[in-house]
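Asker: With these hints in hand, go ahead and build the complete structure from the sequences.
Residue numbers (the numbering used here), protein chains in the order written: chain P, 1 to 302; chain Y, 1 to 280; chain F, 1 to 435.
Do not take every clue at face value.
[Claimed, not checked] Calculated pairs, SDA-like style, for lysine to any residue (alpha carbon to alpha carbon, straight line, at most 25 Å): (1) Lys189/P / Gly124/P; (2) Lys78/Y / Gly124/P; (3) Lys189/P / Arg134/Y; (4) Lys241/F / Gln365/F; (5) Lys189/P / Phe210/P; (6) Lys78/Y / Ala29/P; (7) Lys189/P / Leu96/P; (8) Lys189/P / Arg169/Y; (9) Lys189/P / Leu214/Y.
Hint data in this document are derived by calculation from the structure and do not stem from the laboratory.
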Amino acid sequence: MSETRRAGRAAARPAIWPWLAPALLLLAAVYLVPILDVVRLAFGDATLLRPTQSYGLDGVGDVLSQPALPGVLWATLVFTAASVAGILGLGLFIALLVVRGETRRLPGMALLRIVVLTAWVVPGIANGLIWQMLFSEAPFGALNSTIALAGLSPVRWLSDPTNAMISAVIANVWQGTAFAMIVLYAARKGLSNDLYAAAAIDGAGPFARFCFITLPQMRPSILVAAVLVTIQTLNTFDVILALTGGGPGRATEVLSLFTFNTVFYNFDLSGGSVLAVILVLIALVLTVLYIRLLVDRADGRP
Amino acid sequence: MTGRRAAWLGDLATYVAAFLLVTLFAGPLLWLVSLAIRTPAEIFLGAARFIPEEPTLANFEQILTDRTFGLYLWNGIKLCALGALGALLTAIPAAFVFSRRSFRGASVLMLGILTVQMVSPLVLLIPLYRYMERLNLLETHAAAAAVYMALGVPLSVWMLKAAFDAIPRSLEEAAAIDGCSAASVLFFVTLPLAAPGMASAFILNMLMGWSQFLVPFVLLSQDRLQPISVAIFNFAGSTSASTTQLLAAACVITVLPAIAAFLALQRLIVGAIMAGAVKG
Amino acid sequence: MTHRFLRILGAVGAACAIGLPASLAAQDLITRDRVGLPDAPNTMTFRLTAFDLYSSDAATRDAFEALFTAFIEARPDWKIETQIVTDNIGQEQARLLEQTRAGRGPDCAMVDSSQLALFKSAGVLAPMNAHWSAAEIDDLFPYVRDAVTNGAGDLLAWWWFTDLRVLYRDTRLVPDAPATWAELEDAARATVEGGKEGLLFNGGRWEGTTFDWLAHFWAQDGRLVDDAGRPVFAEGENREKFLAAVRFYEGLVDAGAAPPRVTSIVNYDEFNAAAAAGTTGLFIGGNWQYGQLRGTLSAEDFAAWEVSAIPGPTPDQRATGTGGWTIAALSDDAAAVEVCADMIREIYSGQSNAIQGLLPTSAAQYEEFDVFEGPEYDVFAEALVDGQARPGVPIYPELSNVIQIMMGDVLSGAATPEEALDAANEAVQAAFERL
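Answerer: The following block contains the structure:
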């Protein structure tokens with residue numbers, strides 16, 4: 001008996017490397033050379049106009065000592081933290097709301113999902129068109145004329161440095177929520193109803209069920225969503241580019257937009273590569289941090 | 001009695017919240033639609049007019065009768081479907097190993113895979129072009145699709161691992177006792193249970209591929225190879241006359257295949273759960 | 001369930017593998033990516049904007065199809081393979097540079113006039129000297145001639161249309177054209193008293209902000225870069241001129257003659273919307289907006305709008321920024337360069353200006369075509385004499401970037417003009433070192 005069992009287990013254990021091979025080979029074939037090239041460029045002095053002429057650490061020092069960099073990193077932190085919190089919070093809320101509606105067989109939940117999804121798949125080029133009209137501070141601007149109906153005074157959505165950041169976060173959350181919604185909806189759908197049935201017998205209220213069943217059970221998916229949304233947000237710049245271009249001043253210039261400017265305004269390919277490497281390091285640190293926060297405290301298994 | 005009343009209040013709250021959310025998310029989209037149904041004369045009114053005085057469907061007509069619009073859509077569907085499919089197929093075995101085996105370096109490898117997604121695509125664009133040019137793979141859908149696949153792998157591995165982790169091992173062990181190989185356990189036991197996670201990974205890959213701009217922009221410069229995400233710029237801009245209304249209409253139309261794919265695949269998630277419930 | 005899922009995936013894959021027939025009407029002389037017959041032995045590749053041959057406007061497209069058809073029928077051995085330029089200018093120029101270096105670039109391409117310097121200094125442009133006479137080159141506006149030729153006297157591109165910035169005013173509120181900064185501020189205040197927003201101008205983070213504002217700096221003969229291409233705007237007398245122009249804008253916002261929202265304006269269309277909504281009486285915009293206003297405003301309202309030159313500090317000090325598009329040859333193949341040059345001459349230079357109402361780059365062409373007879377063209381042609389192109393140096397895009405940042409900081413009150421200028425200078429000098 002025990003022998004059969006052992007044999008069965010051994011047969012069911014996938015071998016490690018052959019099973020990893022397809023994914024690893026694909027990634028290596030497509031990305032290994034270009035990524036190594038980025039690292040190489042980071043230690044050189046290449047521009048878009050000429051190839052690297054010498055290697056060294058001077059370029060790295062030049063990039064890191066730019067006076068604008070601390071402000072840019074701060075803007076990145078604010079934008080990323082607010083966007084990730086907003087996207088995850090709203091995505092989770094919508095996912096749970098839709099699941100509740102479906103459980104209760106309430107009609108119309110599909111509409112909510114479709115509208116949220118549409119915001120995500122609208123081509124990036126539409127962002128500029130839409131948000132310029134919405135946040136326009138002209139007397140006829142869409143949002144300002146709407147709030148004027150409620151008797152409120154107009155808001156300087158984009159021309160005030162602080163508000164500009166808030167507006168950029170709003171636009172980004174609007175666009176990005178669908179991602180978290182899809183991941184978390186599937187995760188919630190995957191939870192067994194038995195747990196909830198047992199909790200109902202114990203007389204647990206909705207809040208207790210959320211805290212003691214939904215959140216802990218969904219932790220692995222929340223981790224994945226948090227990691228992926230953070231990485232995407234760190235690399236996002238098209239929403240900001242369309243909305244404020246990084247302004248006023250540098251108020252909304254996040255690291256990815258700063259990288260864009262370095263490469264395409266300065267033609268500084270090596271400088272851009274240094275910034276890209278910094279961005280990877282930030283993303284790695286954050287990912288490890290999330291894993292610590294969300295996994296290690298629990299049972300150790302993500 | 002109180003239970004029913006609480007449930008009724010809960011339903012009301014659900015609808016209030018849903019209504020607010022729909023308003024929040026649909027508002028900006030309605031402005032896009034407003035632009036899409038304007039005549040050129042009204043386009044420069046911008047935010048000053050929401051409902052056009054002379055609404056028109058001519059912009060949609062012009063886009064839909066464009067000889068090449070269908071080709072751009074098809075290129076887009078082809079690239080993102082191939083990309084999503086390839087990413088999923090390569091990620092499934094990898095995620096299964098990460099979920100079921102613990103081995104030295106597993107977490108470093110997981111992070112390493114994710115690093116690919118962290119490198120700024122903007123900066124990667126130039127080395128990627130040079131690499132593909134050396135391989136003589138520019139202007140081919142095969143190379144572009146391979147990049148789409150690779151782009152989807154990190155996300156798929158991470159999502160599928162989470163999905164596999166959530167599946168109790170007792171079922172797999174039972175199958176293993178029956179003498180199933182790892183591959184058949186994965187195929188007949190684990191994958192059916194992980195269908196919601198797989199479907200959402202596929203959806204996310206599809207939709208991210210659908211809006212991918214940089215990769216096809218760099219790798220494909222021939223018009224007939226371009227997916228809609230790049231070709232939409234063909235409807236943008238003019239030196240004097242406004243084409244914003246056409247661009248807005250093209251954006252609205254571009255969204256539709258993505259929604260259709262989403263709805264079809266979401267149905268699979270719900271269906272999978274129902275099937276699981278019956279089995280369980 | 002999984003099986004159904006996999007079946008669907010399989011079906012998608014199979015459909016992809018088979019592929020839809022991508023056949024277009026094969027014998028058309030003009031398709032989305034070709035002009036001429038598909039089996040013509042010689043090929044010239046041409047990268048163009050979607051503004052003309054592939055315009056969404058039927059009348060424009062028809063006119064260009066006729067021109068291109070005549071052109072290619074006269075050269076039956078040739079076909080032109082076309083590629084479209086997107087308006088992502090940054091990525092577009094990087095792609096074009098990379099492709100050209102890899103030997104995969106087009107033979108002939110439209111290049112935004114502000115990007116031309118980059119391609120000149122990268123050494124990828126083929127001279128077209130043989131195809132234009134010295135007299136024709138001499139007839140170009142001075143800023144155009146400087147931009148398209150190099151030190152050795154080679155003609156490296158043909159700048160086929162230009163544009164400029166002017167002051168638009170609603171004559172019901174501002175009857176007379178302001179001639180100086182002080183008059184402009186007074187006029188703006190008058191419109192504010194009339195319930196309008198005051199003077200509108202680009203002040204956000206985009207190229208238009210720098211370019212439009214530079215008129216005030218150039219009007220004082222300020223220089224952005226020296227002959228070696230080094231930024232000198234923060235040195236010597238340039239510094240005072242620069243600060244004077246910044247303080248002028250700062251003063252407008254502080255005095256309420258311009259609304260604080262100018263730091264959020266990153267689009268010329270914003271001015272059209274304000275004019276159409278009747279919320280502004282004055283703005284600094286592009287010459288092409290005149291035609292847009294004609295199509296947007298009622299006839300009565302449109303009649304009230306007039307254009308004039310952008311005021312300088314004194315009536316004698318005037319300048320205006322000029323842009324537009326060039327066409328350049330990037331090929332080693334002399335025959336392809338010749339077809340490119342012929343195409344510029346027969347289709348773009350002159351003809352194309354007239355069809356699209358785009359300003360020609362030589363005085364003679366204004367006489368040649370009837371389209372340019374309206375009173376607004378007199379204002380434009382007169383202002384073009386004071387036209388200034390952006391300096392043709394690779395540092396310009398970064399220079400523009402730091403000026404946009406400076407403008408946002410000053411107009412939103414985050415920095416004084418002096419602080420902002422010093423920060424801008426420090427950033428641009430560091431970038432120049434690395435370039």
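Asker: Work down the list of hints and note, for each, if the structure agrees.
Answerer: Hint-by-hint comparison with the structure:
1. Lys189/P / Gly124/P: With a Cα-Cα distance of about 30 Å, the restraint between lysine 189/P and glycine 124/P is violated, given a limit of 25 Å.
2. Lys78/Y / Gly124/P: This hinted pair holds, its Cα atoms lying about 20 Å apart.
3. Lys189/P / Arg134/Y: violated, 46 Å
4. Lys241/F / Gln365/F: Roughly 35 Å between the alpha carbons, so the hint for lysine 241/F and glutamine 365/F is violated.
5. Lys189/P / Phe210/P: Within the cut-off at roughly 14 Å; holds.
6. Lys78/Y / Ala29/P: With Cα atoms ~21 Å apart, lysine 78/Y and alanine 29/P stay inside 25 Å; holds.
7. Lys189/P / Leu96/P: Distance ~9 Å between lysine 189/P and leucine 96/P Cα, so the pair holds.
8. Lys189/P / Arg169/Y: With Cα atoms ~19 Å apart, lysine 189/P and arginine 169/Y stay inside 25 Å; holds.
9. Lys189/P / Leu214/Y: violated, 34 Å
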